[in-house]
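S.K.: The lines below spell out each chain.
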Amino acid sequence: MTPPAIRIDDLAFRWRQSGPLCVRLEQLTLAAGTSLFLHGPSGAGKTTLLNLIGGVLLPERGRVELLGRPLGELSAAGRDAFRADHLGFIFQQFNLIPYLSVCDNVLLPCRFSRRRAARAGDPVAAAGRLLAALDLEPALAGVPAAELSGGQQQRVAAARALIGRPEIIIADEPTSALDASRQQGFIDLLLNEARAAGSTVVFVSHDQRLAGHFDEMLELGAAA
Amino acid sequence: MRSLLQLALASAWNRRLSLGLTLFAVLMASTLLLSVERVRQAARDGFAQSVSATDLVVGARTSPVQLVLYSIFHLGEATNTVSWQSYQSIAANPAVAWSVPLALGDSHRGYAVLGTTADYFTHYRYADKRPLQFAEGRPFAGLFDTVLGAEVAGRLGYRPGQQITLSHGDGGLAGLEHEDKPFTVVGILAPTGTPVDRTVHVSLPALEAIHLDWVGGAPIPGMSIAPEVVGKFDLAPKTITAFLIGLHQRAEVFRIQRKINEFADEPLLAVLPGVALDQLWQTVGVVEQALQAVSWLVLAVGLAGLMAVMLAGLNERRREMAILRSVGAGPRHILFLLVVESFLVSLFGALAGLALVSLLAVTLAGRLAAFGLAVLPLAPGAGEMQLLAAVLVCGLLVSLLPAWRAYRLSLADGLIPRL
Chain A
1 MTPPAIRIDD
11 LAFRWRQSGP
21 LCVRLEQLTL
31 AAGTSLFLHG
41 PSGAGKTTLL
51 NLIGGVLLPE
61 RGRVELLGRP
71 LGELSAAGRD
81 AFRADHLGFI
91 FQQFNLIPYL
101 SVCDNVLLPC
111 RFSRRRAARA
121 GDPVAAAGRL
131 LAALDLEPAL
141 AGVPAAELSG
151 GQQQRVAAAR
161 ALIGRPEIII
171 ADEPTSALDA
181 SRQQGFIDLL
191 LNEARAAGST
201 VVFVSHDQRL
211 AGHFDEMLEL
221 GAAA
Chain B
1001 MRSLLQLALA
1011 SAWNRRLSLG
1021 LTLFAVLMAS
1031 TLLLSVERVR
1041 QAARDGFAQS
1051 VSATDLVVGA
1061 RTSPVQLVLY
1071 SIFHLGEATN
1081 TVSWQSYQSI
1091 AANPAVAWSV
1101 PLALGDSHRG
1111 YAVLGTTADY
1121 FTHYRYADKR
1131 PLQFAEGRPF
1141 AGLFDTVLGA
1151 EVAGRLGYRP
1161 GQQITLSHGD
1171 GGLAGLEHED
1181 KPFTVVGILA
1191 PTGTPVDRTV
1201 HVSLPALEAI
1211 HLDWVGGAPI
1221 PGMSIAPEVV
1231 GKFDLAPKTI
1241 TAFLIGLHQR
1251 AEVFRIQRKI
1261 NEFADEPLLA
1271 VLPGVALDQL
1281 WQTVGVVEQA
1291 LQAVSWLVLA
1301 VGLAGLMAVM
1311 LAGLNERRRE
1321 MAILRSVGAG
1331 PRHILFLLVV
1341 ESFLVSLFGA
1351 LAGLALVSLL
1361 AVTLAGRLAA
1371 FGLAVLPLAP
1381 GAGEMQLLAA
1391 VLVCGLLVSL
1401 LPAWRAYRLS
1411 LADGLIPRL
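Protein chains in written order, with our numbering: chain A, 1 to 224; chain B, 1001 to 1419.
Check each hint, because a few of them may be wrong.
Unchecked claim - Short derived list, chain A residues pointing at chain B, Cβ under 7 angstroms:
| no. | residue |
| --- | --- |
| 1 | Trp-15 |
| 2 | Gly-19 |
| 3 | Thr-47 |
| 4 | Gly-54 |
| 5 | Leu-74 |
| 6 | Ala-77 |
| 7 | Leu-108 |
Stated by the list, open to error - Using C-beta positions, here's what the derived DEER-type ranges look like:
| no. | chain 1 | residue 1 | chain 2 | residue 2 | range |
| --- | --- | --- | --- | --- | --- |
| 8 | B | Leu-1005 | A | Ala-133 | 49 to 55 angstroms |
| 9 | A | Ala-133 | B | Gln-1006 | 38 to 44 angstroms |
| 10 | A | Arg-115 | B | Asn-1315 | 20 to 26 angstroms |
| 11 | B | Gly-1020 | A | Arg-115 | 36 to 42 angstroms |
Simulated from the structure, these hints should not be mistaken for lab results.
The C-beta atom is built at its ideal place from N, Cα and C for all residues, glycine as well.
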């Protein structure tokens, strides 16, 4: 039996030792291949939770297990390598490195992870296929990322998160900079490609209207 | 590592204007540092080799530095003279291959007049045993012939065939001119970058001749011996100031030195010129240290600029660093990116500086001879390599603060910079 993509037990985190708890999560289990809609008001600790899942922060208490591997047992460099191998990220905005071309931006994870490069097969061809699937013209591949519109940039970011079929894709409010009609299109494209790659998706948003697209939903309460 | 390097290059290219200016600052600083080092080395070598292939410099007993100062550099006065008999008896030693007598005391418009023999032009060597060469004319042959050093001829605009008169002593007292016995310029030496350039050479008998009607440093009143009749007098020198010796066997130098220092008839001193020149250089070395200190300061300013540019750029780069972290870069990769960047700026700055210095050395080689740097090396010396390495190490050290800050920032920011 394959382990769950994400399993979180009794998680607690605070930024400062004497400060308030920023994240408090009793239990979360997410099976491989499913999609989760994570929402909550600003300040609910959504971003902090993503840093914890990404292995960039370590919890004060509790454990985060990805694909059966407890992150707390890995070294810092081990978590970096794990993130490169198994996780894809899409952020709210400023996802791309402006001086790299669209294609080079998509290929970034393959530079840091041999596994992602190997799973992509021919990374450049895979990047081209993903860009096409996400409705980006092939001519854009060589253009510096800074010259793209906001919507185009988000789709390039999605292609980057998807390349090499990572098991988990984490999207942090990727649609909040897009207008309503484009939001739907983006989510459909993202979920279709994630399903094709067999990836688990964690989608963070404060906009509850988007929840219908996802298999599961989790509400993160405001920090106490 | 290779892909990180590509990223570093792409990122640097993206900020090429500010990095280019920093590179320019490092380039200028290393150019200054290297050229000071090269000129310093050339000056030192030129100085230490003001006289070469001479085994011993001999004069009346005084301090070694003093003897070299007045006999080679024509600075200051000899405290005592050497008798012609002593000179001849030492020169006759079978171990002595050649000897050149030197008589000083007169001057021409501030330039020292050196009485010697024609052997001077064959045996005197400078730098790496280079002989003196004539730019024009020939050695002196007639009694009132003179051969000028390059600077004397150049500054005063003398040409072969022109007539000049000598002044008694250093020329400080007006009226003490040997104007009744003018000399004819018969030769001009090529530049050497040594005191030879600033010397007026005449024969020993000529010095005797112009002082025939003088006594105690002044003309004898009412007495005048015309130049045409001096040949009737005995013009053999009675005293000289110093002399140079070359030996058949270098290995004998200490034996001969001891023999001269224990010379019974007269208190004499023989010194190895290299040793005395080294001692002398140490006293004038303060200037070189000051120069070097200034160029290190310039380098410090250039590298401080590099650090400032990198620190100022960090805030703009926080998103870039967060994106890199999200695709799997660790904080150590971020550290590496910044260190590589400043290392490359220092490396290219230093190399371009070296290229510029070499280019300057080639193009200015001729003109630098006028400053006594006839032998400016074209290739970088070991000292310059050490300086280049020092520039690189300093560049790396300077990058550590911004790199450390970037490391801290990327740890604190995680995947989403909180700007």
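S.K.: Enumerate the violated hints, using their earlier numbering and listing them in ascending order.
M.R.: 1, 2, 5, 8, 9, 10
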